[in-house]
Amino acid sequence: MLFVLCVNFFLFRIVDTDPLANMFRGRNVPREVIENLRTSFGLDKPIGTQFVYYLRETFSLNLGISYRSRQPVWDEIVSRVPATLALVGSSAVFAGVFGTLGGIVAGWRRNTWKDHSITSSSMILYSVPEFWLGMLLLLVFSVVLGWTPIGGMVTAGSDAQGLARLADYLQHLFLPGLTLGLAYLGEYVLVTRSSLLEVMNEDYLTVARAKGLRDARVRQHHALPNALLPVVTLAAINVGYVLSGAIAVEAVFSWPGLGEATANAVQGPDFPMLQGLFLVFSASVIFFNLVADVLYAYLDPRVETL
Amino acid sequence: MRRIGLLIAVGLLAVALAPVASAQDDDKVVLRVGNEQDWETLNPTWGYLVAEWEVWNQQYEGLTTLDENLDTAPALAESWEGSDDGLTWTYTLRDDLMWSDGEPLTSEDVVWTIQTATEQEWENYVYFTQYLTAEAIDEKTVQITSSIPSPQLPDMGFIILPKHIWEPLGDAEGVGAYEALDGVGSGPYVLAPDGFRDQQSVTMVANPNWWGWEGREPGVDEIVFRHFGNADAMVAALEAGEIDAAHSIPASAVEGLEDHPDLEVVIGYQGTIEEIAVNGGLAENQPHPALLDIEVRKAMAYAIDSEAMIADLWYGHAIERDTFNPSADAKWTPEIPEESRFTYDLDRANQILDDAGYLDTDGDGVREMPDGTNPIAIRHLVNTNDSLAGQVGELFSGWMDAIGIDVELVTMDSDQLGAAIAIGDYDTFYWGWTPGVDPDGMVSSFITDEIGGWNDANWADPRFDELYAQQIEELDEDDRVEMIHEMMTLFHDAAVYIAVNETPEIQAYRADAFEGWTRQPAETGPIMYNASGPSYALLAVAGEGGGSDSGSTNWALIAGIGAAVVVAGVAVGLRQRRTADERE
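Listed in order, the protein sequences are those of chains A and B. Using this note's numbering, the first residue of the first sequence is number 8, and each one after it goes up by one. Using this note's numbering, the first residue of the second sequence is number -9, and each one after it goes up by one.
Excised from the complex, chain A in its bound form (with noise of 0.2 Å):
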């Protein structure tokens, strides 16, 4: 965690950038004003100052204040974490389980057609860019069918409470969601696929079968048990990176929440809310490991007894 925090604060300033020409180009602002700006930034000390203090304020679990809106950056980040969390969550949970059945179905009838077409579909979803996938189908579903609405997270404007409020905002989070879930639906089929495969050939199974079992009895209670553990570390994973990949898709959907402010904070750039964010989405990561590596001890005695 030190490591990132070091990081994260020596990547963003490799490049040699002012952050405040940007916010000064074509303004008319007297000199003076810009250099007391920069010194109540703290840019005006030398490099090595910058770190003592962001390392000690970070201790303190101050993340600073943000050169663009002037709030304090733990503050924005808090505020767009539920449209995060809400995209992610349920783009997810699509991917997990349509993800799963998918690779379940196309591993155990493998070399079929429908295996063919389960890989092959979800070998192109894997492959396409989030927002050109994002584009496509809103352009199928608000433009040609005007079923969606366009972006944001609820109707501009709209003063709808309760029930109301919810199914508005449901109609939005469709769109993002489902494509945020397509996106990562086809790593879920291959992976569960291949480890349902290497499962199938364990002797276990024969044995099963052996007894009489029925086909379903055996997948259900034999092989699957086995071959999802791998797809339950792919998943406490993917909701780490999750929270920092919704980037592209969050753009297209105008969807308020950490991957815009990201893509925001980097044109400025807006040092100490890319700090800020990088930390959470760091922390994420290695809360999310430790939650598989947990779990997977759980569901896996053979861990356990390590």
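One thing to keep in mind: the hints can contain errors.
Chain A is faced by these chain B residues, among others (derived, beta-carbon under 8 Å) [unchecked claim]:
hint: 1; residue: E30
hint: 2; residue: Q190
hint: 3; residue: S191
hint: 4; residue: V214
hint: 5; residue: F218
hint: 6; residue: A221
hint: 7; residue: A226
hint: 8; residue: A409
hint: 9; residue: G443
hint: 10; residue: A484
These stretches of chain B come out as covered by chain A in the derived footprint (C-beta under 8 Å, 3 or more residues) [as the list claims (entries may be wrong)]:
hint: 11; stretch: 52 to 63
hint: 12; stretch: 108 to 117
hint: 13; stretch: 227 to 236
hint: 14; stretch: 394 to 406
Hints listed in this document are in silico derivations from the structure and should not be mistaken for laboratory results. Glycine included, every Cβ here is placed at the ideal spot set by N, Cα and C.
With the hints as your guide, set chain B onto chain A.
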């Protein structure tokens, strides 16, 4: 397992099929405007994005404003009178002015804004207020004295803030950190309670206390500004009727929008330019030595095919210029005589270089310095934050290739670009400027003192500096126009901006929803996101229908997709049974 999946699918489909919620209530007229920027702050003392100014232009007024022709017009002050020396101006406020929360708006608010802005160095104010002192003569009379003669007076375009809201915030830090969501203003529309809820939109409601409504009703009850993270999505929303107007439309979308029966496209100009600039050599680092020769710079300027550039980048919707516009008002831009314009002429460009002794002595297609060494290979900086810069780089290297100059493209983001320009670490770059209404801001960028600062040409001229110092105190407008024209001509002749195009603000609105859109500057300018935003208060519902219905549902396509799903389902079902049989 399968049943749960089906249930989820059905649930999602049901949500998707439910009618899209509308912001249009039965009796409330709502204007919905889309733009690509979002809002970082609504604090008018330091915010700087165009999207933010559009909000403040509606929420607050200054003593004066700008009319459609960009001339000073009455706003909070109904009249003003100047002293003989032009230093002291007395403004008389309108009768019974009120803030939107019902508090009286008096000369106290004016004095407090001017004095505090200077004391606390508000970034958006000091340029205007630093030489001013204000004194309240009575409730509706303010005397403002400038310590220097200024041609910008009596214009008082900066907005007056409500003292009763802002004074309790205390010092500069308190004011700077204020989120300004109070919605208390003096203009036609003010921020609605909770109007900046999710950072994706700003909702403003008509201010019943605005002086301008006297004798008429607002044509629009509510304005909703919506941010789109993606311009194509915004255009789609406009076509679908989800928004009524849009700003910053890509030039590539114009043709498609013009064919739409209900849409009106506005190509507005307000002085914004794009330029290819050459390093004039006055910064810390030097360009390739050939570029210090004005003949080489001129040859480069003659080699640029602006017409092709405009066709490629702007689909024809930009205008070739000879020099940058110092102001949104075209009167400040001089006519450059035909014989000194750098009109595209490859033969002439090559001739100039031949005559000046820059020849390709080793036959590799690249010219060398007159002494036969140091081939003219230059570094052109490409701004990765600008969607057109890459294309410009390609075009530019083609043009330079045609006159024997080799171009290396170097990409960087706009912050790095700014830093590289300030220290002169480049040969050429592509960027742009948007001028204000008074020319001082723009021309001040090119004086000697701004080398290393805003002077991105790294060029200076003693005569330019001298004229600059004169124009800033020249009270006679005609004389000042002449001075600025001379400065701009000097700048043009130096050939440091070798290509300049005036670029458009492309906007569009639904003609079936609202009418009364007003251009500023008149006839040529944009209808929104302009100097003072006069359109909104003048809008009325088009015809008698009002609003706009969404949903150009393509039933044939839906039927097609439906049929395909059914067929696929049946096929899968049959197949499943067959494979199951095979396995048993």
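Right, here's what the structure says about each hint:
The beta carbon of E30/B is positioned within 8 Å of a beta carbon in chain A (closest approach about 5 Å), and the interface hint is therefore held. The beta carbon of Q190/B is positioned within 8 Å of a beta carbon in chain A (closest approach about 5 Å), and the interface hint is therefore held. Checking S191/B against chain A: minimum C-beta separation of about 4 Å stays under 8 Å; hint holds. At a threshold of 8 Å, the smallest CB-CB gap from V214/B to chain A is about 3 Å, leaving the interface hint in force.
Restraint check, F218/B versus chain A: the minimum CB separation of about 5 Å is within 8 Å; hint holds. Because the closest C-beta pair between A221/B and chain A is about 11 Å apart, greater than 8 Å, the hint is violated. With 8 Å as the threshold, the beta carbon of A226/B comes within range of chain A, its nearest partner Cβ sitting at about 5 Å, so the hint holds. Among the interface hints, the one on A409/B holds; its C-beta lies about 5 Å from the nearest C-beta in chain A, closer than the 8 Å criterion.
Annotation: interface hint on G443/B holds; nearest CB of chain A at approximately 7 Å, less than 8 Å. A least Cβ separation of about 21 Å between A484/B and chain A goes past the 8 Å threshold, and the interface hint is therefore violated. For the stretch 52 to 63 of chain B, the assignment as covered by chain A is violated, since 0 residues bring a beta-carbon within under 8 Å of that chain's beta-carbons and 3 are needed. Counting residues of the stretch 108 to 117 of chain B whose C-beta lies closer than 8 Å to any C-beta of chain A gives 5; at least three are required, and the coverage claim holds.
With 4 residues having a beta carbon nearer than 8 Å to a beta carbon of chain A, the stretch 227 to 236 of chain B meets the requirement of three or more and the stated coverage holds. Given as covered by chain A, the stretch 394 to 406 of chain B passes the check, having 5 residues with a CB less than 8 Å from a CB of that chain where 3 are the minimum.
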